[in-house]
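First to last, the sequence lines map onto chains A and B.
Read the first sequence against my numbering and you will find it ends at 1707, with the numbers running on by one and no gaps.
Read the second sequence against my numbering and you will find it ends at 356, with the numbers running on by one and no gaps.
Be a bit skeptical, because a hint or two may be false.
Cut-off 30 Å, straight-line C-alpha distance, at most; resulting in silico cross-link-like pairs (DSS-like, lysine-lysine) [to be verified]:
| hint | chain 1 | residue 1 | chain 2 | residue 2 |
| --- | --- | --- | --- | --- |
| 1 | A | Lys1528 | A | Lys1563 |
| 2 | A | Lys1584 | A | Lys1567 |
| 3 | A | Lys1687 | A | Lys1650 |
| 4 | B | Lys223 | A | Lys1563 |
| 5 | B | Lys242 | A | Lys1552 |
| 6 | A | Lys1560 | A | Lys1408 |
| 7 | A | Lys1408 | A | Lys1482 |
| 8 | A | Lys1614 | B | Lys168 |
| 9 | A | Lys1687 | B | Lys43 |
| 10 | B | Lys189 | A | Lys1614 |
| 11 | A | Lys1431 | A | Lys1360 |
| 12 | B | Lys241 | A | Lys1560 |
| 13 | B | Lys279 | A | Lys1694 |
| 14 | B | Lys189 | A | Lys1685 |
| 15 | A | Lys1563 | B | Lys241 |
| 16 | B | Lys273 | A | Lys1614 |
| 17 | A | Lys1650 | B | Lys241 |
| 18 | B | Lys220 | A | Lys1560 |
| 19 | A | Lys1685 | A | Lys1431 |
| 20 | B | Lys43 | A | Lys1650 |
| 21 | A | Lys1694 | B | Lys242 |
| 22 | B | Lys189 | A | Lys1560 |
| 23 | A | Lys1560 | B | Lys223 |
| 24 | A | Lys1567 | B | Lys241 |
| 25 | A | Lys1552 | B | Lys223 |
| 26 | A | Lys1694 | B | Lys241 |
| 27 | B | Lys220 | A | Lys1614 |
| 28 | A | Lys1359 | A | Lys1511 |
| 29 | B | Lys301 | A | Lys1563 |
| 30 | B | Lys242 | A | Lys1563 |
| 31 | B | Lys108 | A | Lys1560 |
| 32 | B | Lys281 | A | Lys1614 |
| 33 | B | Lys223 | A | Lys1614 |
| 34 | A | Lys1650 | B | Lys189 |
| 35 | A | Lys1638 | B | Lys343 |
| 36 | B | Lys43 | A | Lys1664 |
| 37 | A | Lys1638 | B | Lys108 |
| 38 | B | Lys315 | A | Lys1567 |
| 39 | B | Lys279 | A | Lys1614 |
| 40 | B | Lys220 | A | Lys1563 |
Hint data in this document are derived by calculation from the structure and do not stem from the laboratory.
These figures come from a predicted structure and were not determined experimentally.
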Amino acid sequence: MIRIGTKDKKAVEMAADVIKKGGLVLYPSDTVYILAVDATNKSAVEKLIGFKDRWAGKAISVAVLDEVMASEYVELDDNAKRLYSRLLPGPFTIISKGKHKTAKGIEAENGTLGIRIPDSKLIADLVRMVGKPISATSANLSGRSPHYSVESLLGTLSKKKMEMLDLIVDGGRLPNNKPSTVIDISESEIKVLRRGDVVTGKSGQTVISKSEKETGKVAEFIVKKIIEKSKDDKAIVLALTGDLGCGKTVFSRSVARMFGVEGKITSPTFFIFNEYEITKSKTTLITKFLHFDLYRIRDKHELDEINFFDLFEKGSVACVEWPENMGEEALEELKKKVNWVPIKFEYIEENTREIQY
Amino acid sequence: MIILAIDTSCDDTSAAVLMDDRILANVVSSQVDLHKDWGGVVPDIAMRAHKERIEAVIAEAIKRSQISDLRFQKHIKKDEKIKEIIAKGMEKIEVIAVTKGSGLAPALSVGVNKAKELAIEFDKKLVAVNHIEGHILSVLAKNRAGRPERQIEWPALALTISGGHTKIVRISGIGKYEVVGETLDDAAGEALDKAAKQMGLGYPGGPVIERLAESGNDNFMELPRPLKDRKDFDYSFSGLKTAFYYQIKKLTNEEINEHLTDYAASYQRAVFETLLMKYGKAIDEYKVKSLIAVGGVMANQKLRKMLGKLARDKKIPIYFPVKKILNTDNAGMIGLVGYFQALRGEFVENKAELDRDPRMEIGN
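Isolated chain B, as found in the complex:
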């Protein structure tokens, strides 16, 4: 089954082509320098930016997937060329999968509208995918050669962390989810971004903090571990952010800069320990066979190490996405969910009426 997948849930415009669960091409616009003629792009939350590049990104994915013979006889204009590549690709593509939610409403509409348009024009089956499910199943992604061959045993417990979400999800099988914990206010990635901004560092703050934290003393500053004593598995990062802010606020710029690495390390530790504490409790509660850790913040090596240790202590295997591109938002993971949904026959019945769902929930 050849699948075209589209994700425009936030900043990144992404398209992928899959053959069953094998990702043949996975193009993310803000990470890939599209051909200059097609309009080089910068990360942007803008809907217009998605609109401008969506077709070029789809065409690029089709090109890289090598599903079609794309030799053109004569030189044609770039707009026409993009259209022609898509049309050629559509001869092979059987299913279109698109992120329906959660995400930024206007951004989501761009992907949803494009998917509808293509599905109707070329008479393809359409699958509406949950973005968070995409992240969770990203650990099952295979390359063109069908590797890695992971046999993940269910039930599993997933920790999904990014700038937009922080959830603990129980998975009893593919397509069967239950959220057992989530943030009540800020996402973990957002908590890192905001702290970075308070220290006068750039956006996104997560990677900057990670780099600084490497050489810092993570015991330098005392910070709370929010909701530590609550029995549920919910998170709250707003109080931690506030506590950090008011400690930093008392200091001069010189004082902050002198111990920048220490503040970064202490804060990062507080965020990660909070994440692990609840996750660890949930693991004990639900007695699962596998652990899954996904989302943009999983690009952080320190967090991966901490989670790796937690998994070893609990004697349960843990799975991370195999490639860097699979941590952050990408259409490859959406295509994978689309594949499983298509196997179950879960297609959109009325294509013209498919609508985005910015606050789409998973499971339950």
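So here's chain A without its partners, still in its complex pose:
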């Protein structure tokens, strides 16, 4: 058994080599540690199933590079494609009808296959080098919980199992993200089979939050997507609409944290907006975070007088609560200037919110 750290530049290349030769690799993902094999290699898949003590009828999800690659292995109609562009890359496994191009044991008995496009450069690089889908099943024995560190898994393995691992790629301790949310779209009705950190609503077009913590995860997920998709350096404005107490401020606070804002982040209702310089930016291009609460604004001229329209400089991200209070005219003016991203919050029940973006 060989072990290599992710900081080592050769790690991905080595893993790709081992996988191409039919080996079994322990590999870090955006959620938990996974067991990666070439999903089209029969003996590799058998080895994986043997390792997991798992009955062969249960499907094993695979990681691919993008929607194009996914469509080689599963049927994707327009609805599915829309869902892909909305959710992936991200912490989701999307189950569709398979095209039976993977090795036996990967697709479920009913011929469906779960696809992951993890939000992880390490995985994307690996898949690119292997050129085939790789298994993305969580690294644990069947029925046990997943692992966030290599040590934690190794502690549960017998010597025999340990010898089955051909390579360990050690990414250290992973952040405590839940395993992916599993969504089955192979039937006409979309079903959520497992709840991860970010869970979709009935249509698949919205996400559901059941706690402040989940709202935070949702914020992180949505904002990452938006930043990936933004093509110019205009300010990004997240326009948060929804009733009082729907989680708009919680959402904004999570966005601020994402960009490395430290210290307390309080509601700016009284001061209309708070401005945070981002010095230790995690995403290098963003230099400023603005948090607006237009709850008190009654008239557009009040905005002019706080130089509202000049605040949205290049490289800034803004969360705007109660954007509707600025009025139609100002709204149109601002939309022209910035990348405008509407996000709607809806109260479902006491601790449940539906978020549409």
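Given chain A's structure and the hints, the job is docking chain B onto it.
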């Protein structure tokens, strides 16, 4: 030492003139009807509003302070008159104190820029003041005659509550502060404003709720006491606001109106009890000799009574600002902080480079 103080941290444009720790004049534009010729004003968050009235407010403060002989020989235009009053006042004024933060950024700039301009033009010493420290020390304010003579013993524990802040601050002496608790989301005053809006009442909601609550049953509605079980002294009012909102939302307008006073009373009680609970715990923890309760929400008589009782139970004297104008934002309190800073020699070194600090912290 004659001090001119300026505060433009939020809605109100304010200027004051002090002789040491005695406030000679304390003008707040939204509460005082300035001479009509000088442009009567309405409360506004606007920077332009501050800009338009700042000079008139300073002139008014100088006039009322009676530090200068302001008899003019001939009739002159109002703009010139304002300039002349300020120039005359500047002959006597030695130090200019201005709020640097915290506050609304564009609003703060107006005061900071004006203070810089005057300090440079007339070659005066400049002091940059923290707004929250102003609120805390407002309990030490004296009138022209030097009253009241308060001998506050340190250490003290201050509760500062307004629409913009909610903090518990430990004070080991003038100028020595440590924030031991504060709100993690909405300020207490803001929580009151928002509830008022939910019930279809006006802004600012605090005073409306206070009036309604007087005749209401404060046990009518069950509401949470946020962060009750946490050991720290931090507040959170967002959850309380949400709980209230979703209870109110289920009701028709008729139902709300029928029990308006009861809802107001129950909500106000929940906010105030939350404030007192943490404050009480902090008092036990820090074993201080004095209590200080300041900020706009202290205008609420019910809250004052509750705090008065808390202080009696703890057998520690509690101090509130002596005048109503000292509860809300005012430049008098800024001048007072400026006076103590000037005594310590804490002047702005490079006047031209003084900048506002919208999220300025106190202590630590």
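Here's how the hints hold up against the structure:
With a C-alpha separation of about 12 Å, the suggested pairing of Lys1528 (chain A) with Lys1563 (chain A) holds against the 30 Å cut-off. For the proposed pair Lys1584 (chain A) and Lys1567 (chain A), the alpha carbon gap of about 25 Å is at most 30 Å, so the pair holds. Between Lys1687 (chain A) and Lys1650 (chain A) the CA atoms are separated by roughly 16 Å; this keeps the pair inside 30 Å, and the hint holds. Straight-line distance between C-alpha atoms of Lys223 (chain B) and Lys1563 (chain A) comes to about 21 Å, which keeps the hinted pair within the 30 Å bound.
About 25 Å separates the Cα atoms of Lys242 (chain B) and Lys1552 (chain A), which keeps this hinted pair within 30 Å; it holds. Annotation: proposed proximity of Lys1560 (chain A) to Lys1408 (chain A) holds, straight-line Cα distance about 29 Å (limit 30 Å). Annotation: proposed proximity of Lys1408 (chain A) to Lys1482 (chain A) holds, straight-line Cα distance about 21 Å (limit 30 Å). The straight-line distance between the Cα atoms of Lys1614 (chain A) and Lys168 (chain B) is roughly 21 Å, inside the 30 Å bound, and the hint therefore holds.
Distance restraint check for Lys1687 (chain A) and Lys43 (chain B): the Cα-Cα separation of roughly 27 Å lies within the 30 Å cut-off, and the hinted pair is therefore satisfied. Between the alpha carbons of Lys189 (chain B) and Lys1614 (chain A) the distance comes to roughly 26 Å, so the proposed pair stays at or under 30 Å and holds. Pair hint Lys1431 (chain A) plus Lys1360 (chain A) does not hold up; C-alpha atoms about 34 Å apart against a cutoff of 30 Å. A threshold of 30 Å between alpha carbons decides the hint, and for Lys241 (chain B) with Lys1560 (chain A) the separation of about 20 Å falls inside it, so the pair holds.
Distance restraint check for Lys279 (chain B) and Lys1694 (chain A): the Cα-Cα separation of roughly 48 Å exceeds the 30 Å cut-off, and the hinted pair is therefore not satisfied. For the given pair, Lys189 (chain B) sits about 28 Å from Lys1685 (chain A) by alpha-carbon distance, which is consistent with the 30 Å threshold. For the suggested pair Lys1563 (chain A) and Lys241 (chain B), the alpha carbons sit about 25 Å apart, so the restraint of at most 30 Å is met. At roughly 22 Å between alpha-carbon atoms, Lys273 (chain B) and Lys1614 (chain A) fall within 30 Å of each other, so this suggested pair holds.
For the hint linking Lys1650 (chain A) to Lys241 (chain B), the alpha-carbon distance of about 28 Å falls within 30 Å, and the restraint holds. Straight-line distance between C-alpha atoms of Lys220 (chain B) and Lys1560 (chain A) comes to about 22 Å, which keeps the hinted pair within the 30 Å bound. With a C-alpha separation of about 27 Å, the suggested pair Lys1685 (chain A) and Lys1431 (chain A) falls inside the 30 Å cut-off, and the hint holds. Under the criterion of a C-alpha separation no larger than 30 Å, the hint pairing Lys43 (chain B) with Lys1650 (chain A) is consistent with the structure, at around 18 Å.
For the suggested pair Lys1694 (chain A) and Lys242 (chain B), the alpha carbons sit about 21 Å apart, so the restraint of at most 30 Å is met. For the suggested pair Lys189 (chain B) and Lys1560 (chain A), the alpha carbons sit about 26 Å apart, so the restraint of at most 30 Å is met. Pair hint Lys1560 (chain A) plus Lys223 (chain B) holds up; C-alpha atoms about 26 Å apart against a cutoff of 30 Å. Restraint check for Lys1567 (chain A) and Lys241 (chain B): the C-alpha separation of about 28 Å stays at or below 30 Å, so the hint holds.
Distance hint between Lys1552 (chain A) and Lys223 (chain B) is unfulfilled; the C-alpha atoms sit about 40 Å from each other, more than 30 Å. Of the supplied pair hints, the one linking Lys1694 (chain A) and Lys241 (chain B) holds, its CA atoms being roughly 19 Å apart against a limit of 30 Å. For the suggested pair Lys220 (chain B) and Lys1614 (chain A), the alpha carbons sit about 19 Å apart, so the restraint of at most 30 Å is met. About 27 Å separates the Cα atoms of Lys1359 (chain A) and Lys1511 (chain A), which keeps this hinted pair within 30 Å; it holds.
Straight-line distance between C-alpha atoms of Lys301 (chain B) and Lys1563 (chain A) comes to about 38 Å, which puts the hinted pair past the 30 Å bound. Between the alpha carbons of Lys242 (chain B) and Lys1563 (chain A) the distance comes to roughly 26 Å, so the proposed pair stays at or under 30 Å and holds. Under the criterion of a C-alpha separation no larger than 30 Å, the hint pairing Lys108 (chain B) with Lys1560 (chain A) is inconsistent with the structure, at around 51 Å. Restraint check for Lys281 (chain B) and Lys1614 (chain A): the C-alpha separation of about 29 Å stays at or below 30 Å, so the hint holds.
The hinted pair formed by Lys223 (chain B) and Lys1614 (chain A) meets the criterion: a straight-line CA distance of about 18 Å does not exceed 30 Å. Among the hinted pairs, Lys1650 (chain A) with Lys189 (chain B) is consistent with the structure: their alpha-carbon atoms are about 20 Å apart, no more than 30 Å. A C-alpha spacing of about 27 Å is found between Lys1638 (chain A) and Lys343 (chain B), which places the hinted pair at or below 30 Å, so the restraint holds. With a CA separation close to 28 Å, the supplied pair Lys43 (chain B) and Lys1664 (chain A) stays within the 30 Å bound.
The suggested pairing of Lys1638 (chain A) with Lys108 (chain B) holds, with an alpha-carbon distance near 27 Å, which does not exceed 30 Å. For the suggested pair Lys315 (chain B) and Lys1567 (chain A), the alpha carbons sit about 48 Å apart, so the restraint of at most 30 Å is broken. Of the pairs offered as hints, the one joining Lys279 (chain B) and Lys1614 (chain A) holds, with about 26 Å between alpha carbons and a cut-off of 30 Å not exceeded. Simply put, Lys220 (chain B) and Lys1563 (chain A) have alpha-carbon atoms about 20 Å apart, close enough for the 30 Å limit, and the pair holds.
Checked against the numbered hints above, the structure violates hints 11, 13, 25, 29, 31 and 38; every other hint is satisfied.
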